[in-house]
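J.: Next come the chains, spelled out residue by residue.
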Amino acid sequence: MNAIIRTDRRLSMTVVGPVLGLIALLVAGALLNPNFLGWDNLTNVLARSAFIGIIAVGMTFVITAGGLDLSVGSMAAFIAGLMILMMNKALPGLGVGIPVVLLGMATALIAGLGAGLLNGLLITRLGIEPFIVTLGSMGIYRSLVTWLADGGTLSLDFTLRSFYQPVYYGGVFGISWPIIVFALVVIIGEIVMRSTAFGRHCAAIGSNDQVARYSSVRVGHVRLMTYAALGMLVGVATIMYVPRLGSASSATGVLWELEAIAAVIIGGTVLKGGFGRVWGTVIGVLILSLIGNILNLTDFVSPYLNGAIQGAIIVLAVVLQRESKADG
Amino acid sequence: MGDVVNQPVLELRRVSRSFGPIEVLHDVDIVLRPGRVHALIGENGAGKSTTMKIMAGYQPPSQGEVEFDGQPVRFQTIAEAEGLGISMIHQEFNLAEQLTVEQNIFLGREIRRGLLLDKPAMRRRTRELLARLDCSVSPDRRVSDLSNSDKQMVEIAKALLRDTRVLIMDEPTAVLTRSETAVLLRQVRALKEAGTAVLFTSHKLDEVSEIADDLTIMRDGRVVWSGPAAEMDEHDMATAMVGREMSDLFAPKLGQPGDLALEVRNLNVAGHATDISLSLRQGEILGVAGLIGSGRTETFEAICGLRPGQGDIRVFGKPVQIDQPWQAQALGMCYLTEDRKTRGLLLDKGMHENLTLQALERFVDRGRIDRAAEDDALTRAIADFDIRGHRDSLIRNLSGGNQQKLLFAKVLLAEPRIVIIDEPTRGIDIGTKQQMYEFIRNLASQGQAIVVISSEMQEVIGLADRVLVMRQGRIMGELQDEEASEDAIVRLAMGVVQTTPAEEKTV
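Chains X and G, in that order, are what the protein sequence lines are. Numbering of the first sequence is given in full-length UniProt numbering, commencing with residue 1 and proceeding in unit increments. Numbering of the second sequence is given in full-length UniProt numbering, commencing with residue 1 and proceeding in unit increments.
Quick caveat, the hints were computed from the structure, so don't treat them as lab data. There may be inaccurate statements among the hints.
Beyond 10 Å from chain X on every Cβ pair, some chain G residues (computed) [stated by the list, open to error]: (1) R189; (2) C334; (3) T337; (4) R343; (5) E361.
Cross-link-like lysine-lysine pairs, in silico, DSBU-like; alpha carbons within 35 Å at most [claimed, not checked]: (6) X:K272 x G:K151; (7) G:K119 x G:K204; (8) G:K192 x X:K272.
From a predicted model like this one, the values you see are computed outputs, not experimental measurements. Glycine residues also receive a C-beta, built at the ideal position from the N, C-alpha and C atoms.
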């Protein structure tokens, strides 16, 4: 009996906490600025959080399986640079049109998958700590994009950019594509995490990889797949991101990895692995972007303090998780 | 024994303890006296651990009193209890794995000279303590490199350093071999002569008869018998613990082996086993005996792809290459670990997740896990293996016996045709043991090929059709059912081979 009380209370704390936080933010935002709950503002916030959100869904799997990936921000910048180079190169041959955009998208997906597999192989085959491997690849990709751009900015051909722009700015029924893609990724992610063998295996490995190994789970394979999937999703996020600005530089995607990790943790996924929740991650992403949005809309607190508030919330989220575990 | 009855040093009076609405201890009385060894026995979940934790100040009683030297005490912290000289040694060791033996013994009590540590003094004292315990480990060894028995000795050395008046030990011999147990019991006797009150739990009733002066038997959170140990023999103890007459522990053997299931030729496991050859038939139970560290576990882990090894392995006649455990499982072979807490079960997950982990693909319907089927499987496992405890509780909160049964159910869900069971009854009570033996026998009668690795000789003898004895990474001999006696096994395991032809048979 004692045990049930324990599980229940733990769930209620970590489940309700982030949801309450989100509601509190929405209420505060609405009180501080009447435009906050407007359609334009909310869709704008959602569209901008889609990049981090798509990456954070992948990150949820990596962290749940006991891993970590610090390279996603640099990886996004590198993939964006690669995409732009590829599309500019192919433009004279293919002309402005759907084929060249599809080529760019394919480049992003393949590059993302490749980068993710590389991280995953180094971690699973050579047995190097994920922190070290991805710290290294973070530096490598960041440096590569700077080199590709020769220290400056890589820009997509102007006419092509106008053609490609609807992928970020357009949409159906007034909902922009980034939001739609983000929603699809979340729904698929939630199903995979909650009701497939892969999701269950991720949680088992993060909980205790020895137990998983002794239970005939293909530990290395599952881990590798989490990094590959994350790489792919970084590619997807980049596909949505490039049409927004049409450029990539060494400043692209800076700190995205930390925002993604923070969103995952705020959403109730345990940093050391073993328990992950995709919809929680979505709430984490929304909380982080809403804070920035509210600070921008009000002159109550300087927007420069955005980072400080986000930081405090991350720490608070982890404290809440821990307490619910300790006193249960 | 017991001519002079000393004043009690630590006493529980009508102690009850509840967790939420559930009372797990009811009116427990227990008295520890200086210079006497008190054994506390009972099935898993009988309330022994909670009783010990209350005595050592880990938990307060919900009702009733704890008295120390005749004065009622209420420990706020463990440190208060320790300050009075009460030490508890846990089943799961409480050692800093990355520190050395010496650093562990002095952890929190370092001897200082000015601002710096007085290492020579600590070294001297460590050697003294270890010598008293007949323990030959070097003070510089890292605890993570030690065997379980040496860790136990370090724990006891720690307690000795603290001038312990009451020493509480939770199943100190569960992980020890016979010879190590003998050393431990000698130490317990020495502590007793020095006037320490000792409380210990054990599932090994022969030890209890051997060393205990006083005995308390618990069942379902109550004391069902208490008095001088000399008044109870092992049979009486078992009956009192279980609450019913114990029939024969082992079901009769079947002895109708079928086709060859597993053949191993010249297997080498670097650092653990050399030149292992063995065979196993369907419907057969092969016992593997030997001291801890003789390479039994490592040999079979290598066969199942859990660690690297070189050799020829045939499964049902086909030569196979197994590098990963899932490959072994695909061939119908599963290894059931001896270490259920760190390798067998996910302690922070529920029964469902654990039960189906090993055979999860069988519960996947069009890509998604079929939760209803999973729930049905749990219902069946609970019924088949008599698993007690709430279905929604975390594994961490189940008793050792129920964990073991769930681990058993989990591995069998993968429907292996060859099952290697390492220490099937470690740290579980006698009633559950009997059930485990029955499960194993049933499996064999259904035609599964079974290996039972065990440090308990009675278990190997009682269960196995054939016994292999290992020593220092080699198979020392094979004993047929009728030849397998404790004496014969010990001779082979210790390397004192008697030159009678029957025992020299090698594989």
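J.: Which of the listed hints are broken here?
T.: 2, 3, 4, 5, 7, 8
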